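2 protein chains.
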Amino acid sequence: MYYLGIDLGGTNIKMGIVNEKGEILLKNQVYTNVESGSDNIISNIISLSKKLIKDGEDYNYIVKAVGMGVPGPVDENGVVINCINLNWSEIPIVQILKKELMLPIFVENDGNAAAACELEAGLLRGINTGIVLTLGTGIGGGIIIDGKSYTGFHKIGAEIGHMIVGENFYNCNCGRNGCLETFSSANALIKYVKELLSKGEKSSSLYSMCNGDFSKIHGAMIISAAKEGDKTANKAVERAAFYLARGIINLVAVLDPEKIVIGGGMSKAGEWYLDKIKKFTEEERYFQEFPIPEIVISNFKNNIGIVGAAMIAKLNYIEKAEED
Amino acid sequence: MYYLGIDLGGTNIKMGIVNEKGEILLKNQVYTNVESGSDNIISNIISLSKKLIKDGEDYNYIVKAVGMGVPGPVDENGVVINCINLNWSEIPIVQILKKELMLPIFVENDGNAAAACELEAGLLRGINTGIVLTLGTGIGGGIIIDGKSYTGFHKIGAEIGHMIVGENFYNCNCGRNGCLETFSSANALIKYVKELLSKGEKSSSLYSMCNGDFSKIHGAMIISAAKEGDKTANKAVERAAFYLARGIINLVAVLDPEKIVIGGGMSKAGEWYLDKIKKFTEEERYFQEFPIPEIVISNFKNNIGIVGAAMIAKLNYIEKAEED
Numbered sequence: 015m016y017y018l019g020i021d022l023g024g025t026n027i028k029m030g031i032v033n034e035k036g037e038i039l040l041k042n043q044v045y046t047n048v049e050s051g052s053d054n055i056i057s058n059i060i061s062l063s064k065k066l067i068k069d070g071e072d073y074n075y076i077v078k079a080v081g082m083g084v085p086g087p088v089d090e091n092g093v094v095i096n097c098i099n100l101n102w103s104e105i106p107i108v109q110i111l112k113k114e115l116m117l118p119i120f121v122e123n124d125g126n127a128a129a130a131c132e133l134e135a136g137l138l139r140g141i142n143t144g145i146v147l148t149l150g151t152g153i154g155g156g157i158i159i160d161g162k163s164y165t166g167f168h169k170i171g172a173e174i175g176h177m178i179v180g181e182n183f184y185n186c187n188c189g190r191n192g193c194l195e196t197f198s199s200a201n202a203l204i205k206y207v208k209e210l211l212s213k214g215e216k217s218s219s220l221y222s223m224c225n226g227d228f229s230k231i232h233g234a235m236i237i238s239a240a241k242e243g244d245k246t247a248n249k250a251v252e253r254a255a256f257y258l259a260r261g262i263i264n265l266v267a268v269l270d271p272e273k274i275v276i277g278g279g280m281s282k283a284g285e286w287y288l289d290k291i292k293k294f295t296e297e298e299r300y301f302q303e304f305p306i307p308e309i310v311i312s313n314f315k316n317n318i319g320i321v322g323a324a325m326i327a328k329l330n331y332i333e334k335a336e337e338d
Numbered sequence: 015m016y017y018l019g020i021d022l023g024g025t026n027i028k029m030g031i032v033n034e035k036g037e038i039l040l041k042n043q044v045y046t047n048v049e050s051g052s053d054n055i056i057s058n059i060i061s062l063s064k065k066l067i068k069d070g071e072d073y074n075y076i077v078k079a080v081g082m083g084v085p086g087p088v089d090e091n092g093v094v095i096n097c098i099n100l101n102w103s104e105i106p107i108v109q110i111l112k113k114e115l116m117l118p119i120f121v122e123n124d125g126n127a128a129a130a131c132e133l134e135a136g137l138l139r140g141i142n143t144g145i146v147l148t149l150g151t152g153i154g155g156g157i158i159i160d161g162k163s164y165t166g167f168h169k170i171g172a173e174i175g176h177m178i179v180g181e182n183f184y185n186c187n188c189g190r191n192g193c194l195e196t197f198s199s200a201n202a203l204i205k206y207v208k209e210l211l212s213k214g215e216k217s218s219s220l221y222s223m224c225n226g227d228f229s230k231i232h233g234a235m236i237i238s239a240a241k242e243g244d245k246t247a248n249k250a251v252e253r254a255a256f257y258l259a260r261g262i263i264n265l266v267a268v269l270d271p272e273k274i275v276i277g278g279g280m281s282k283a284g285e286w287y288l289d290k291i292k293k294f295t296e297e298e299r300y301f302q303e304f305p306i307p308e309i310v311i312s313n314f315k316n317n318i319g320i321v322g323a324a325m326i327a328k329l330n331y332i333e334k335a336e337e338d
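As they're listed, the protein sequences go chains B and U. Heads up: the first sequence begins at 15 in this note's numbering, then just goes up one per residue. Heads up: the second sequence begins at 15 in this note's numbering, then just goes up one per residue.
These are computed hints drawn from the structure, not numbers from a lab. Accuracy of the hints is not assured; some may be wrong.
Pairs count within a copy or across copies, as identical chains cannot be separated in the list.
[To be verified] When the alpha-carbon atoms are kept at most 30 Å apart in a straight line, the in silico DSS-like pairs for lysine-lysine are as follows:
id : residue 1 : residue 2
1  : 169       : 293
2  : 290       : 169
3  : 162       : 334
4  : 162       : 273
5  : 169       : 273
6  : 292       : 208
7  : 65        : 162
8  : 41        : 208
9  : 241       : 293
10 : 162       : 216
11 : 112       : 205
All values reported here derive from a predicted model rather than from experimental measurement.
Model the full structure from these sequences, guided by the hints.
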């Protein structure tokens, strides 16, 4: 059985045909272009999906259902409540896509999609209680309880990026101050580096890397500079890891999970970054005798969104088939 | 069927014989006297329990099982891992009590006991996803997921009082800074009032109420002064409510519960305090269009610990009977 997984992000729309084991067989990607507006973005999703489904047929990868992860909450009728990073509000996405693609469509928050990815095909297989954190433009979260995805009473839970963990120099786009994603997302890392540079940390190699144009600074550049020993970059990376650890210990206090999986763009920083997260988690734990969960980096890296969306399609498609 | 419920607190040991509906039929209480040490406290628990079980027999209230809630984590073997407020560490309480009382004994964290109370006999009956917060010496938490008490992988979850929600002027006894219980417990309220008074807020009526002896200030005194319009007391109460609301919204972001029940000593401040919590929760919500849970005050007030402990006994006793 094959599924189309669509990962709608603030930067790119990525999609792939995925088999039951979570392997991507065909893949496609286009720039999201948030400024072009929701109609244009949806129209791009539709045409790219149609093309990929068609391409799949040439290889006999017949898509049975489509899953999509979006960077915001989705209600039980398949309406995207909002996506701040996309300027979306109240978009009946399931209805729109169903009409165009003529296939079963299942849309969920991208954090839940990441959790489905790890639960079905990744590092949370067989785990009873686990958490996935995706560190991208924002921070997505997925929670596994009793071996199932947990989303809460109104289906708006697992928004772990909006847990307040401290006080920050800028507000979150949700309206509050101190949300985890304003400390530990890729965007937060960039914002903090810009803040340091604009305050005059001129010896940083990031100055020359961006030719003095701060708008050219991106996450990978900061990670790279930090790995090469740049003090400003390291200060920013350590801050992101420190607050992430604080968020992890908050989750430990509330949910006491067995395992935490880190995915998303920033997870590409690899073991080097994981070691920092683990060090701070060790230091931040409350009551030193309390056990803390295993923390690992997803094997899916940036593909977690595509595979997760496909696994959402798989889980719902199978469930629906069983009901019929 | 009758159960003995024991509420071991930092101030008092309270216990009662409780029926299946959660009604207290006989009740007894003794000062905990933390300084006397764990052996003395346990010896008091045993003699008071024996006396109450015996008294119950006169009324034909035959106790079938004993439940106890303790202010700290308990492992699956019935060993209290630690209770900071009691100076307890690694106490095999179930083993000790079983030998003396010759009845089935079940011991859990007091937050879980509070959740069992509300789930079985209180405001969380029939609720799928709910949270109980007990505002006492510290802050206890209980989480209901799928209509059952949730405690996590190592059984040390639902320690909601140790979720970091900001930066505070003193550290938590868990070793971190900014835990919810250092802002919104009764102890936190008292500490903050002392801080304000020692910094010279001399116009406060609390000065005369305690005759200048700050060690005499207690929670009920502050609530009473605040209700009568004292500015210092009000400032402290508002701060406690503000951070509690922040903690509640953090829980909403993670768990999206249907209902939150507030219990413990500070809940005796009643609707007046609940209104403040609700006001700040409304202001602190992230994304104004997101639904927030209903917040209510437990009907059990200070008895939540006794009834909860009895309900822990009831639930485990029935479960065990079904297994046999």
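Hints breached by this structure: Numbers 7, 8, 10, 11 - these are the hints that the structure violates, sorted from lowest upward.
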